[in-house]
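Enquirer: Below are the chains, spelled out letter by letter.
2 protein chains.
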Amino acid sequence: MVEPQQDIPRWQELERLVDLGDVDQVRAFLKSIPLGETAYTLVRMEESKRTRLLELLPPEEAADLVESLSDAQAADLIEELPAERAAAIVEEMASDEQADVLAELKADDAEAILARMDPAEAEEVRRRARYPANTTGGIMITEYVAYPDHLRIDDVVCDLRLNAAKYSPYDLQNIYVVAGRTGQLRGIVRLRDLVLSPGSTALTAISLTDTQSVKVTDDLDRLEDFFDRTDLYTAPVVDEWNRLVGVVRRAHVQEALAERAGKTILRLSGIVTGEELRTMQIKTRMVRRLAFLVPNIGLNLISTSVIAIYEPILARVSALMIFLPILSDMCGCSGSQAVAVSLREMTLGLVKPAELMHVLSKEIRLGVINGLILGAALGTITWLMRGDTYPYLGLVVGGSMAINNVLAVCFGGSLPLVLKSFKIDPALAAGPVLTTVTDMGAFFFALTFAWLMLYLTT
Amino acid sequence: MVEPQQDIPRWQELERLVDLGDVDQVRAFLKSIPLGETAYTLVRMEESKRTRLLELLPPEEAADLVESLSDAQAADLIEELPAERAAAIVEEMASDEQADVLAELKADDAEAILARMDPAEAEEVRRRARYPANTTGGIMITEYVAYPDHLRIDDVVCDLRLNAAKYSPYDLQNIYVVAGRTGQLRGIVRLRDLVLSPGSTALTAISLTDTQSVKVTDDLDRLEDFFDRTDLYTAPVVDEWNRLVGVVRRAHVQEALAERAGKTILRLSGIVTGEELRTMQIKTRMVRRLAFLVPNIGLNLISTSVIAIYEPILARVSALMIFLPILSDMCGCSGSQAVAVSLREMTLGLVKPAELMHVLSKEIRLGVINGLILGAALGTITWLMRGDTYPYLGLVVGGSMAINNVLAVCFGGSLPLVLKSFKIDPALAAGPVLTTVTDMGAFFFALTFAWLMLYLTT
Numbered sequence: 001m002v003e004p005q006q007d008i009p010r011w012q013e014l015e016r017l018v019d020l021g022d023v024d025q026v027r028a029f030l031k032s033i034p035l036g037e038t039a040y041t042l043v044r045m046e047e048s049k050r051t052r053l054l055e056l057l058p059p060e061e062a063a064d065l066v067e068s069l070s071d072a073q074a075a076d077l078i079e080e081l082p083a084e085r086a087a088a089i090v091e092e093m094a095s096d097e098q099a100d101v102l103a104e105l106k107a108d109d110a111e112a113i114l115a116r117m118d119p120a121e122a123e124e125v126r127r128r129a130r131y132p133a134n135t136t137g138g139i140m141i142t143e144y145v146a147y148p149d150h151l152r153i154d155d156v157v158c159d160l161r162l163n164a165a166k167y168s169p170y171d172l173q174n175i176y177v178v179a180g181r182t183g184q185l186r187g188i189v190r191l192r193d194l195v196l197s198p199g200s201t202a203l204t205a206i207s208l209t210d211t212q213s214v215k216v217t218d219d220l221d222r223l224e225d226f227f228d229r230t231d232l233y234t235a236p237v238v239d240e241w242n243r244l245v246g247v248v249r250r251a252h253v254q255e256a257l258a259e260r261a262g263k264t265i266l267r268l269s270g271i272v273t274g275e276e277l278r279t280m281q282i283k284t285r286m287v288r289r290l291a292f293l294v295p296n297i298g299l300n301l302i303s304t305s306v307i308a309i310y311e312p313i314l315a316r317v318s319a320l321m322i323f324l325p326i327l328s329d330m331c332g333c334s335g336s337q338a339v340a341v342s343l344r345e346m347t348l349g350l351v352k353p354a355e356l357m358h359v360l361s362k363e364i365r366l367g368v369i370n371g372l373i374l375g376a377a378l379g380t381i382t383w384l385m386r387g388d389t390y391p392y393l394g395l396v397v398g399g400s401m402a403i404n405n406v407l408a409v410c411f412g413g414s415l416p417l418v419l420k421s422f423k424i425d426p427a428l429a430a431g432p433v434l435t436t437v438t439d440m441g442a443f444f445f446a447l448t449f450a451w452l453m454l455y456l457t458t
Numbered sequence: 001m002v003e004p005q006q007d008i009p010r011w012q013e014l015e016r017l018v019d020l021g022d023v024d025q026v027r028a029f030l031k032s033i034p035l036g037e038t039a040y041t042l043v044r045m046e047e048s049k050r051t052r053l054l055e056l057l058p059p060e061e062a063a064d065l066v067e068s069l070s071d072a073q074a075a076d077l078i079e080e081l082p083a084e085r086a087a088a089i090v091e092e093m094a095s096d097e098q099a100d101v102l103a104e105l106k107a108d109d110a111e112a113i114l115a116r117m118d119p120a121e122a123e124e125v126r127r128r129a130r131y132p133a134n135t136t137g138g139i140m141i142t143e144y145v146a147y148p149d150h151l152r153i154d155d156v157v158c159d160l161r162l163n164a165a166k167y168s169p170y171d172l173q174n175i176y177v178v179a180g181r182t183g184q185l186r187g188i189v190r191l192r193d194l195v196l197s198p199g200s201t202a203l204t205a206i207s208l209t210d211t212q213s214v215k216v217t218d219d220l221d222r223l224e225d226f227f228d229r230t231d232l233y234t235a236p237v238v239d240e241w242n243r244l245v246g247v248v249r250r251a252h253v254q255e256a257l258a259e260r261a262g263k264t265i266l267r268l269s270g271i272v273t274g275e276e277l278r279t280m281q282i283k284t285r286m287v288r289r290l291a292f293l294v295p296n297i298g299l300n301l302i303s304t305s306v307i308a309i310y311e312p313i314l315a316r317v318s319a320l321m322i323f324l325p326i327l328s329d330m331c332g333c334s335g336s337q338a339v340a341v342s343l344r345e346m347t348l349g350l351v352k353p354a355e356l357m358h359v360l361s362k363e364i365r366l367g368v369i370n371g372l373i374l375g376a377a378l379g380t381i382t383w384l385m386r387g388d389t390y391p392y393l394g395l396v397v398g399g400s401m402a403i404n405n406v407l408a409v410c411f412g413g414s415l416p417l418v419l420k421s422f423k424i425d426p427a428l429a430a431g432p433v434l435t436t437v438t439d440m441g442a443f444f445f446a447l448t449f450a451w452l453m454l455y456l457t458t
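Going line by line, the protein sequences match chains A and B. For the first sequence, position 233 matches number 233 in the numbering used here, and the numbering has no gaps at all. For the second sequence, position 1 matches number 1 in the numbering used here, and the numbering has no gaps at all.
It is worth saying that the hints were derived from the structure and are not from the lab. Certain hints may be false.
If several chains are the same, the list does not tell them apart, and a pair holds so long as it fits within one copy or across any two.
Taking lysine to any residue and the SDA-like style, the derived pairs with C-alpha atoms no more than 25 angstroms apart in a straight line are [unchecked claim]:
1) 49 / 429
2) 106 / 264
3) 166 / 196
4) 49 / 360
Note that the structure is predicted; figures quoted are calculated from it, not measured.
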């Protein structure tokens, strides 16, 4: 996504225009920025100028700008603004974005903004905030069109045309058919069927009735499932009495899924307590990284306790000191490969948390084969390097590599399943737990074998 | 996604029905499987029965089944079939799926199938295969409706209704307006505008003309950009003469993006030469894992060479042997946090590969602060554990932790940018390169400081 550098970077030009304070020029320039570049331009601006920009624009346009950012960034920008102004902007945001952004703010900042919003809007946001993130309630939008089940196509088309202006911001991929009195969902009519059938047809005749709906409490996996099963662009959301309360867009679900995958990458790499962007305050970034690193000291002390026990052996076979780190790294890598495959298969729904035995049977064979290959390679290298002074070292290193590799892939492969069935996010805990175990294994086998060799040969 | 275990698992029931060979029963049972479960059920079946199943069903239904799987799995299934049958099934698949699945097959298997397909279809697949994966040409579908620019809404609606049956598999979110003679793209008409405007309106009056199109050669990031910028569900694809050649669905783009994120997770964890699923042959899985592990031996020998040099020092300060692995793990973790944040910021388009200095300035401060905190913690622990025998060890360990942490985050933060600007996939190379450097640093600083202390105190 590198683009030809212009002579003067966009954010500087934008800062200049903001200083001039001519809103039309600013508007025109913002339009000229390709949307993929907006976030980049904004984060590069001086904080004061960025604030100035959001105060210069009319709230609805500022809201568009904020919506073009990821939640974490959007929250960053909002936080810089006076609550009064922030409220005005948040009010203009789409119903599904408001809660997401406020959720990223400190509780009292969010409250300060809600307090200054139109009470009805604020109540709606609070209602959404009650749904855990990534549930249907949090993703759904409340802009949709529904008609009672006794109407015909012409009635609907006529109403749509009459209120074209009103409906233009709505999602019209589907219109929904509800029971006149109760408001319970009766069926879904795809806009295309509305066009493809004669006007006298009854809505009920062209509505899909077999398609299920999603519940307001359903989670992301359930939504993914729903859209896997149909070609619909939007899903009707019902409450526990099967009354239509909103719609979820396929696009929003896929965004949420991509977002989750992105977060998984961060978690796997030790950013565990929420997103980190380099635009955030250094204090936040510091705490978020230490949250993973500090506990990790403890895990390391556990794994190296094995070395402490065997210290005298190590002192006598000092060459091992070169190979212990190699063993621990190699087995760590083997293990995380198995972890990744399990995570992937769980995402694709190919394995269930209960199927430990299935995974083990698949991993153990591979672990043995690769263990032997890697063990042979590493053993030979060791023998070539240190065979003269420690004739047996090759066996010790190669042997521990082979055995610990089997342990690493079996443990790595099953760990995500176990964590999942204990409702722990595998991406969060798998890494550190894995390396602790594989390190202990590596140190234990190598040092025990070395001790045996010393014992047998002296 | 765990579901209540039935008394008999679905795949066994399906195997039973396949043995009975009653296609209607099989059909009915397949319908009863929630789509999220189909992949799981298929991979659990015995290979012979699975083949039998795909031969039992009419090709178009077998194709639906295959399309419900990820490309890698789909290819697995197709590979099990006789080429004749495989060709019949592939012919029935959606135009965008065919190339993806064949791409996963061994070249000669793919050829064998193409040779048995309808020549026109085969040519189309070959044409697509020429586009690199994840370019517009590979993702677009060729089922769309376009009308010459002199028509009115009524003409179009009338044509749509007349050919309702023919168009039903098509994507009708938008219809496209093209110049009568040249076939060049003139505009996009959203289905909703077709419904919301009176029938006498000219197509050109309701068509969006400002919206750009995408080129058949555009890559995934460009497509993501396009859909970020509009609310359209499909994008028109044009060739170099601006003639309409296909359409890309927002949903397909988002699937491709999610797929890419999934692959990134695998790459980061050392599955680098293509997806691994446990249903694949063990030989494939073995090779794919070793492709990462074997080179990794070399990198380890490089990093541990530092220890080899300092072996005599280590022999005299044997307690260091406990803390070297801790240092190397802690700094490795610090580094991969920085890698992850850079990857994330690049995905969100917040940093450009050229901006090394920007990243360094952000990482160095954090590196110093966290380095001091972690160094103090680790130094104290060391002193408490070994202060009696090695009074200076706390300083050695704490000091190296502090300094190497700065090195780790700076190197880790900039590595993805550097790799990217060399057109190397960061997810592929960042991990191993990082740990090699952080390990060398950890060993070098700790052992050098230890040597200094010995030198000063004796």
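Enquirer: None of the hints should be skipped; say for each whether it holds.
Expert: How the hints compare with the structure:
With identical chains, the CA atoms of residue 49 and residue 429 are never at most 25 angstroms apart, being 41 angstroms at best within one copy and 38 angstroms at best between copies. Proximity of residue 106 to residue 264 under the C-alpha cut-off of 25 angstroms is restricted to the intra-copy arrangement: shortest distance 23 angstroms within a copy versus 32 angstroms between copies. Both within a single protomer and between protomers do residue 166 and residue 196 lie at most 25 angstroms apart by alpha-carbon distance, with minima of 24 angstroms and 11 angstroms respectively. Taking the shortest Cα distances, residue 49 and residue 360 sit within 25 angstroms of each other only across copies (24 angstroms), while inside one copy they are farther apart (57 angstroms).
Of the numbered hints stated above, the single one contradicted by the structure is hint 1.
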